Amino acid sequence: MDELVYTYDKFAFRIPRSLRYSREDLWVRLEGERAVVGISDFLQQKAGDAAFVELAEVGTHLTAGERLGTLETIKATVVLPSPLTGTVLARNEALEEAPERVNQDPYGDGWLVELRPDDPQEVDRLLTAEAYRELLPAKVAER
Amino acid sequence: MTERVLIIPCSGIGKVLGSVSREAAFRVLEELRPGETETLCLARLTLGDPDAQEEVRAHPVITVDGCTKGCARVNVEQAGGRPAASFCAAETFRRHRELRPTSVLDLGPGGKALAGRLAEEIAVQVDRLLHAPEDRDA
Amino acid sequence: MPDLPQKKVGLIACSGEDHPLGTLSRVAVRLVLERLRPNDTVTLCLPLFLAGEQGERAFARFYPTIAVDACGVGCAARATARYSGPVVRAINLEQLLAGLGIEVKASWKHDLDEEGLAVAWEVAEIIARQVDRILGKEGREVSPEEPAAVGEVATCSCGSGIPVLRLNVDGRTWELLAVPAIFSLFREQGRAPSRQVASELLAQTRLYNAISPQEEGELLDILEVAYRDFWEGRLKV
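Residue numbers (this note's numbering), protein chains in the order written: chain C, 1 to 143; chain W, 1001 to 1138; chain G, 2001 to 2237.
No lab work stands behind these hints: they were computed from the structure. Quick caveat, the model's predicted, so the values are computed rather than measured. Careful, some of the hints might be misleading.
Claimed, not checked - Below, in silico cross-link-like pairs of lysine-lysine (DSS-like), each with a Cα-Cα straight-line distance of 27 Å or less:
#: 1; chain 1: G; residue 1: LYS2236; chain 2: C; residue 2: LYS10
#: 2; chain 1: W; residue 1: LYS1112; chain 2: G; residue 2: LYS2007
#: 3; chain 1: G; residue 1: LYS2007; chain 2: G; residue 2: LYS2137
#: 4; chain 1: C; residue 1: LYS75; chain 2: C; residue 2: LYS139
#: 5; chain 1: C; residue 1: LYS139; chain 2: G; residue 2: LYS2105
#: 6; chain 1: C; residue 1: LYS10; chain 2: G; residue 2: LYS2137
#: 7; chain 1: C; residue 1: LYS10; chain 2: G; residue 2: LYS2007
#: 8; chain 1: C; residue 1: LYS139; chain 2: G; residue 2: LYS2236
#: 9; chain 1: W; residue 1: LYS1112; chain 2: C; residue 2: LYS75
Chain C with its partners taken away, still in its complex shape:
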């Protein structure tokens, strides 16, 4: 099956197996030399309905952990740390007018940026879906 699900109470958090994850709840999909980045289903549910998504400019070089952008909802402003070291090649401009895409389709139309990783092998050091799922019970308990 291509997706794990972690269920807690009435909430279910989807975790596609084909992606890698950072501990800060961002996902990465490597497509050749480009890494597509977005936020996980858990993070979009935790944060709430997106009102604004602000992203680093194209051409920005980010170190892993450096601010890739922010997600602002009614409830909170969430800083999004880059899962990789690399350069921003593209950002999802559609989120300017339709930030709700990060909620409606966090693994598809809600993607955030494309990076060119300095070291593509850094993606392999991110968490697998199974490893990310193991973190969720503790994360949910923190909510």
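For chain C, the structure is supplied; the task is to place chains W and G on it using the hints.
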């Protein structure tokens, strides 16, 4: 009989912006444009009440939704109405991000202020529908 | 209807904007969701039965549901029955308050004053006891808990809370409502995978999902494989 504009907010009970849309509608109905606006229970449209359906077909309608699901707008359209204007509290929040509502049951000062801004925008549309815009101050 | 574990009760308020008790219906339901029974209840915006999708319309088939209406028109109870499934309890607030000797104020249409809020609490406690009765937890204290964080207690269109199994098979994504709960129930009943069990799974799945006759054969095969994977621990739902 004087024409009236129907103001129909969503019933959003799960999200705070649903409460904002509701509060904004009541501000228009009771404070900003009393006598020129009316409402009806959105639930009657969901039920398919023929009288409610007839009302939305017969009068100009402004819908006020909390989120992009657009329940008020969709229910009016399914009843055969055509909203003359549709508002979304989420859009208003995007333009006034400093006005943060607190909770569904208690909007707090930020939420009430946000509802107030939305109500003013709705009132402008009411004027447009009923009068020439230069005849009224908002 | 399969005897799925009834862990939560659905609450649907009419929220009627043109009736003083519409606001009270809404407030009372939120008080139950947030303060009195946050772990036992879910809600859904009533208009989503028309504006939403299959997941929303499955709400009352999955959750035993209490409708809370302002008046005898009964929009919440009737619309839920029409689009989703019959409610297990229907509360008419006009009737209820008349029985309690409580006078309704026209001003409650917009906002509940202190008196209105006290009435909402009283109604919320009545609803909470109904919830307990449905879940077989009668006799519990009805005392308010600390309010949960905003947005955590009620699911709306963001999720009716019905568990969904998503399967990608040959390029097509199947989203099957309630199947995780059905799988769990079958496993608890000790029903080992077989073609016969898969047929029974399909029958239960059809109660919550619109499946065309053309899809049934393919879905039967998919359920058989998925349930075997679940039974053998390869699929977590």
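Each hint tested on the structure:
{"no.": "1", "hint": "LYS2236(G) with LYS10(C)", "verdict": "holds (16 Å)"}
{"no.": "2", "hint": "LYS1112(W) with LYS2007(G)", "verdict": "violated (36 Å)"}
{"no.": "3", "hint": "LYS2007(G) with LYS2137(G)", "verdict": "holds (11 Å)"}
{"no.": "4", "hint": "LYS75(C) with LYS139(C)", "verdict": "holds (17 Å)"}
{"no.": "5", "hint": "LYS139(C) with LYS2105(G)", "verdict": "violated (45 Å)"}
{"no.": "6", "hint": "LYS10(C) with LYS2137(G)", "verdict": "holds (19 Å)"}
{"no.": "7", "hint": "LYS10(C) with LYS2007(G)", "verdict": "holds (10 Å)"}
{"no.": "8", "hint": "LYS139(C) with LYS2236(G)", "verdict": "holds (19 Å)"}
{"no.": "9", "hint": "LYS1112(W) with LYS75(C)", "verdict": "holds (16 Å)"}
The structure fails to meet hints 2 and 5 from the earlier list, while all remaining hints are met.
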